[in-house]
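Given these sequences and hints, build the entire structure.
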Amino acid sequence: MDVTGNQSGQNDYINYTVMMPPTPDNQPSTDSHGGVGSKEDKRMSVMKSANNKSMLLRSQTGDFDHSRWLYESKAKYGIGNAYWQEDDQFGVDGGVSMSDFMDKPWKPLTRKVPVKSGILSPYRFLILIRLVVLFFFLAWRWRNPNPDAMWLWGMSCVCESWFAFSWLLDSLPKLNPINRATDLAVLNEKFEQVSPSNPTGRSDLPGVDVFVSTADPEKEPPLVTANTILSIMAANYPVEKLSAYISDDGGAILTFEAMAEAIRFAEVWVPFCRKHDIEPRNPDSYFNLKTDPTKNKKRPDFVKDRRWIKREYDEFKVRINGLPETIRKRCDMYNSREAIKEKSLAKEKNGGTLPPDFQVEKATWMADGTHWPGTWLNPIADHSKGDHAGILQVMSKFPEPDPVMGQPDEKRLDFTGIDIRIPMFSYVSREKRPGFDHNKKAGAMNGMVRASAILSNGPFILNLDCDHYIYNSMAIKEGMCFMMDRGGDRICYIQFPQRFEGIDPSDRYANHNTVFFDGSMRALDGLQGPVYVGTGCMFRRYALYGFHPPRANEYTGVFGQNKSPADTIPGKPALSGEDDAQPLNVHPDLDLPRKFGNSTMFNESIAVAEYQGRPLADHMSVKNGRPPGALLIPRQPLDAQMVAEAVAVISCWYEDNTDWGDKVGWIYGSVTEDVVTGYRMHNRGWRSVYCVTKRDAFRGTAPINLTDRLHQVLRWATGSVEIFYSKNNPLFATRRLKFLQRIAYLNVGFYPFTSIFLVVYCFLPALSLFSGQFIVQGLNVAFLLYLFVITITLCCMSLLEVKWSGIGLEEWWRNEQFWVIGGTSAHLVAVIQGLLKVVAGIEISFTLTTKSASEDENDIYADLYLVKWTSLFIMPLTIIIVTLLAVVIGISRQIYSVIPQWTQLFGGMFFAFWVLCHMYPFAKGLMGRRGRVPTIIYVWAGLLAICISLLWVTLNPPGDQPGDAVVL
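All residue numbers for the sequence shown refer to this note's numbering, where the first residue is 287 and numbers rise by one.
Hints were generated in silico from the structure; no laboratory data involved. Some clues are possibly wrong.
Straight-line distance between alpha carbons at most 20 Å, and here's what the computed EDC-like set of lysine to aspartate or glutamate pairs gives [stated by the list, open to error]:
| # | residue 1 | residue 2 |
| --- | --- | --- |
| 1 | Lys615 | Glu547 |
| 2 | Lys648 | Asp618 |
| 3 | Lys576 | Asp790 |
| 4 | Lys671 | Asp723 |
| 5 | Lys1210 | Glu1129 |
| 6 | Lys726 | Asp948 |
Shown next as structure tokens:
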């Protein structure tokens, strides 16, 4: 088909250029005069269109053996966006290049994936329907009392009204759930490829500082922590841009030497992971995988390398496990030597005899023969958990800016062509002294923030618990896609979902918590962002310092429906530590931070971190960006002055008269410092993002023992009660917090108080069976219809929520069961503790959750069956016993009645069954391992129930006439 510029006219095809390889079958054989065309004409015939776009004409000139022509002329594929020849033999005056065929629009790093309207619209509609039905149901309940049992009716109406209010707080923030996706290929293209702004191909990504916190090597085993550090060191992120820190708040030499062993092993583990693309990069998890390790592995030396590294890891574990004995023997040896010296000196000074009060301190010694500056094995003054010097040890220095390739080594592995560098790693233990409030984990995190600002000053901070390791080596890059995308400068943190290992298959106590992490957190991502949950979170350092986002919005109106740009708060932060007056009529959370301490080096690092954390200004729509190639300059090496300054900023006095813990860093004053810290950022106008990766980003452990699980829930609930009674109550939030985000934070503070009404409601079935009364006067059609509609809408909503969140029905049911178990135990105690703190000023203290695995190697779930008594068992155990007795008494009442009225049992028995079904996991946990509960226990329990029921019926006999019985 011949197409010329004149014939195409307004046709859209003139906007494109189509080039085809010149072959004899598409070239005109003669010129306009009938003769043979020129050599140039035989090579290519080009027609110029009106807009100077060239288009090649193809004409069929009879039969032609194209295959023979390809063979004789050694022709290739020609020109196009599928293949481009290196020589320009088909070009016309050099005017055609590969770039002419490449479409190079600006590409985003992330995109929103909305939930299908076929799921979300019915879900929203059902919420509205259930809200209306609940309103009419409660109105009907309050207008129709039960005169025969006003006390039952009143208690049930109050409880049901609160449950409706609590459900509304929980459901409203779920109206706009979304999903997100990242494009790692675009991230690599923009930041790690050779370009005019990056001629060397170095990474232009910003630096990331990874924080790991630990406090007690007995409850948080060093081997677990070491595996977490190894997964960080092997993360798939530019080595020169990654730095790792561990905060040892206990100052234990065991943790210190375990980290030194881990760094030594990392020198072979990290290159091995890069060479064979290992996932996961936690060695303990990798070697315990049940899948075939050779799957998708193509290098012929993989099996040999894996066998060698497995042996090295086994030796590494033995060394870690033997560290306590090694340290003890070393200390005994040095102490015995010191004792001999001290005795000889004492004798010389005392005329050849030892003084009667002579004693030798048993110190803790390091491997180099010096005293350990932290906590000693035999604690004394200046060397105990709450009284020791600050320690900072750079165990792995900054790597070279360019790759350092390994060499073949017969004794180790062949790392030829593999980058053998490892990231910088530092051990940090802040100074502790008596008389100072060290603010637990929040204080330790702030100490690491300051120390890392002096040493590496990564503009982003990844926070992990010591038992949460990097399961997806690309996780940091996944989070960086959001921070570096258009509008990423307004994101304060990226929260990843928490995933757990070692949970029993049935997940008896809802440890996976998928309803929260896959349901509620996705929904919050559609508002102003998810809450901060303590681990697996990547922060923008500048946001942690308490500053405002570049472009904040305010939401006014009853429901926050009016959106407008927020006013800029006047005043420049006084980085020198001078105290400036706070602007009038400004919310405290909007006041700029002014006192960071007296470290000039730290204050100067703030502006650097802010600039380096900006997204790439590669498009006109990117605001507040930085130019490409701005982060290619290598870091300056560490010197003694920087290390000394880093030690100074972790001293216990540094935070005096500063904004640390109030406006800057992790916020003090709550056992759930994570939620409060995230709330403060949202209150300033920042937004957060929920990053769910295809492969889990991080994995950790969770307590599967009932006692440990309840104590964990108790700590969370107590923190929520503290938030409710503090200035962090979202009722006092700024106008920069969205309305539904405010509702979500209100629910965080309100949910523990539901326990009061839940406990009362769980006793109502038993009270109904004891008294022979019910919460309503009769089971009429209106009551049953309301219950039916409310139940059906709840089931349909749950099915749709399961659909858009991806959770399973069994997981949803386990969550419902543990909501009742936790609500009647831990949440109730949390409310009491919170009231005691507010009224009487009694401080709340918690112990660390044990991270160690079960001692029974034959059963990894042995802790599940371990029964450890706690006072938290009292209330749910009482509910179970009372309900069972009430069921027996209710049945006995009808058996011994002259005219049995079995329908009277229906209401009480139904709700009693509801209570017992929710309490089943709790009862199963108390029974321990299957088969270990003696049969005599069941026999005596049955006999006791029969005796009590007979006694009750004797003391309170049923009526002999039908009219004496209660009509349900």
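Evaluation of the provided hints:
1. Lys615 - Glu547: 18 Å, holds
2. Lys648 - Asp618: 8 Å, holds
3. Lys576 - Asp790: Cα-Cα ~17 Å, so holds.
4. Lys671 - Asp723: 13 Å, holds
5. Lys1210 - Glu1129: 34 Å, violated
6. Lys726 - Asp948: Judged against 20 Å, a Cα distance of about 15 Å means the pair holds.
Comparing the model with each earlier hint shows a violation of hint 5 alone; every other hint is respected.
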